[in-house]
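Chains A and B, in that order, are what the protein sequence lines are. First residue of the first sequence: 0, per numbering that gives the first Met the number 0; consecutive thereafter. First residue of the second sequence: 0, per numbering that gives the first Met the number 0; consecutive thereafter.
Check before you lean on any hint, since a few could be wrong.
[To be verified] Derived, one-sided and incomplete: chain A residues facing chain B with beta-carbon distance under 10 Å:
| hint | residue |
| --- | --- |
| 1 | ILE41 |
| 2 | SER44 |
| 3 | VAL47 |
| 4 | SER188 |
| 5 | LEU196 |
| 6 | ARG199 |
| 7 | GLU277 |
Treat the hints as calculated values from the structure; they're not laboratory data. Even glycine gets a Cβ: it sits at the ideal position worked out from N, Cα and C.
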Amino acid sequence: MHPAPSVILFSTLSGLGFGLLFWLGLGFPDVSGGVAFVFFAIAYSLAVGGLLASTFHLGHPERAIKAFSQWRTSWLSREGWAAVAALIVGAAFGAGLVYMDQRLAVLGWAASLLSLATVLATSMIYTQLRTVPRWNMPLTPVMYLAYALAGGALLAGQVKFAIGLLIVAGLVQIACWMLGDRALAGSGSTLATATGLGRRGAVRAFEPPHTGNNYLLREMVFVVGRKHAAKLRVIAIALAVVLPVALLMAPFHHVLAALAVLSHVAGVLTSRWLFFAEAEHVVGLYYGKR
Amino acid sequence: MTALPETTQRQLGLVIDLDTCVGCHACVISCKGWNTENYGAPLSDQDPYGADPSGTFLNRVHSYEVQPPDGAAQLVHFPKSCLHCHDAPCVTVCPTGASYKRTEDGIVLVNESDCIGCGLCAWACPYGARELDLAAGVMKKCTLCIDRIYNENLPEEDRVPACVRTCPAGARHFGDLGDPDSDVSKLVVERGGMDLMPEQGTRPVNKYLPPRLKDQIGTAPAAPMPDVTDQPGGFLGWLDKALEKL
Ligand code: SF4
Ligand code: SF4
């Protein structure tokens, strides 16, 4: 799939933002007043910034409001609802902390739950697609949640949780790559089933329907070199997990913590780029590209 | 509404005969023409006369080579457009309700004034039947020519999809696949019509008729040609030709 920068930025930033909101809602760290304001401001700029970035790839962003209508069937619609609900409830909880020095615990828990629900809904947009076997597995939402929780803990300064969760996220990520590499073959879709001609003999794409480029090829038949991908996987794990964990294990210093955050964000961006770039859509079969 | 109807009164669709399609792409052009001039946003082109032309099409013709275990390879031309699936994944993913399947005839349509152009439905379709128009910013797909098939201003023989009307080989058939007595349903039974990518669980309405088996030419090698070079050359050759002319 085409690794669109707007979608990569969106899922990385809003994942971190909602991850942070999750921890703030539970009272980790237990802050109030000006400090609380700074924490909430960071969570909101990440979450809202990410959501805004995601509208850049729409053909008609001015109609985005219509996307709230189909929550009964559409994960994209549910994501919209969960995000707005998490942001509103979180804002009420944050206002209590910042302006009244009041911890309205129930609101906090609700904000935490809704934040998780938002990340889950985002991941389900991809997971539900049978057409992209690499995404269509139960581990995809686990990976999104693990990254959001780990990144959130890192931003919230919860060193112990962050170390544990980063390691979990790393393991889930590696499992996703291993299973994902076998997913297309396991899906049973081939050029033979796509054309129905497999019963006759070996099918080979002879001539494409068009000599130039088109929307389908640009959007769904992105091909990344294997060697390239292998290197990027190492970089992603090193930046997202290994380096931050090493920095957190060292005696605490603000500079080290900031470096850990930066490294983690760069690593997750790399991982998300691969998430799209490596994903094979079955329509590529028709073009003999798989 | 992006919930799928349990059943539809009719299941209008196409039956495409892979045996007779000659790969002329006439259906591609007539589709583009009709759907640019009629219902909905026109099908735009980008850089049509430049170095990197591309554009929106609702119907495209691939060509495949099938190599049977024995015998000669066979070339199969393969037109592909929306299959108007029963369990259309493109419909349920749509966040706005712009994509829907009609209960009266099973046609899958996009309401262009509701579409935000998120592209998710194109991702959900296994067949590459939906293309986002870059000029209009909305999703385009085959409408089964709803503006022809019910259009009483057209002569009756024209009330079929443009591709069906155009096909010079008669490789495309239109009808109600929900009615077992319709011509198209009978054709599907007779010729063993098949679904594309059944493992994707979309249950397409459109069916494809597999190419017929080719005649087998006898396996004995052909008798050798008589050797035409074994003729006298030089003076004798000239004499031979000259005498023949007399
Ligand atoms: S062919 Fe694709 S666009 Fe058409 S109904 Fe099926 S899934 Fe939807
Ligand atoms: S591109 Fe339009 S029709 Fe397709 S899912 Fe998005 S809003 Fe619905």
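Hints and how they fare:
1. ILE41: For A/ILE41, the interface hint is violated, since the closest Cβ of chain B sits about 28 Å away, which is over 10 Å.
2. SER44: violated, 24 Å
3. VAL47: violated, 19 Å
4. SER188: holds, 6 Å
5. LEU196: With Cβ-Cβ at 5 Å, under 10 Å, it holds.
6. ARG199: For A/ARG199, the interface hint holds, since the closest Cβ of chain B sits about 5 Å away, which is under 10 Å.
7. GLU277: violated, 15 Å
The structure does not agree with the numbered hints 1, 2, 3, 7 stated previously, though it agrees with the rest.
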